[in-house]
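Q: Numbering (our numbering), first residue to last: -5 to 206.
Everything labelled a hint here was simulated from the structure, so no lab data went into it. Heads up, some of the hints might be wrong.
[What the hints assert, rightly or not] The calculated lysine to aspartate or glutamate pairs, modelled on EDC-like cross-linking and capped at a C-alpha distance of 16 Å, are:
#1 Lys102 to Asp22
#2 Lys82 to Asp70
#3 Lys182 to Glu161
#4 Lys79 to Asp147
None of these values were measured; they are calculated from a predicted model.
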Amino acid sequence: MDRALEETQDEAPIYVMRHGRTALDALDRSDGWLDFPLTDDGRRGIMPAQQFLKSMPTPIACIYTPSLKRTTETADIIKSGMGSKPAKIIVSDEARTWNLGIELIGSKKQPAKPIVKFYMRHPDKTPKDGESLNDFRKRFLTWFKEQIAEQKDGPILMVVSGSNIREISQLLTGNRDLLDLDEGGLLKLQPIGKMWHGSVVMGGKNNPDEES
């Protein structure tokens, strides 16, 4: 059993949010490492999560985000609603989405599914100018487990992409789709006994193999 997931009964909860919608999301295309900002609808779509996090009795202490525009803008909007004691934002590119390379960047999600599934079935194969699934998992999950293991002053928020959330779901539940989220959705990871458990706060979905 992974020690990063054990001995957690005294830990504060961790919230995980999927960034708001971009212009490519609206076209059902994968952003990947393309650096698009949020649309107006994307900004409005994260307001329910902002209001939920604002209303918590213990405020968010820190927000982690990769440097992509869609995640940093989401983090900034969440922070802006937190009143007189806003959370600190820490940029960490270990939390970037899976880089599927030039073959799939900006592609339509549905037609690209067979290619994505190929790289999932062959996790050591690397897409052109991208990274293998195993390399992505090593990068992201190493970082994620470090955040779980680190002593925190209060709840933290991670603003990430769909591929990151599906890896968290696989790690905690054994099912990569169980905790999947739409854009602007929110998870709560709660320590119960000696294990972390995840639950969907808002924006849950079940759309396997969509990587963004």
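Q: Compare the structure with each hint and give your call.
A: Okay, the hints, checked on the actual structure:
1. Lys102 to Asp22: holds (6 Å)
2. Lys82 to Asp70: Distance ~10 Å between lysine 82 and aspartate 70 Cα, so the pair holds.
3. Lys182 to Glu161: holds (15 Å)
4. Lys79 to Asp147: holds (13 Å)
This entry satisfies every hint, going by the numbered hints stated previously.
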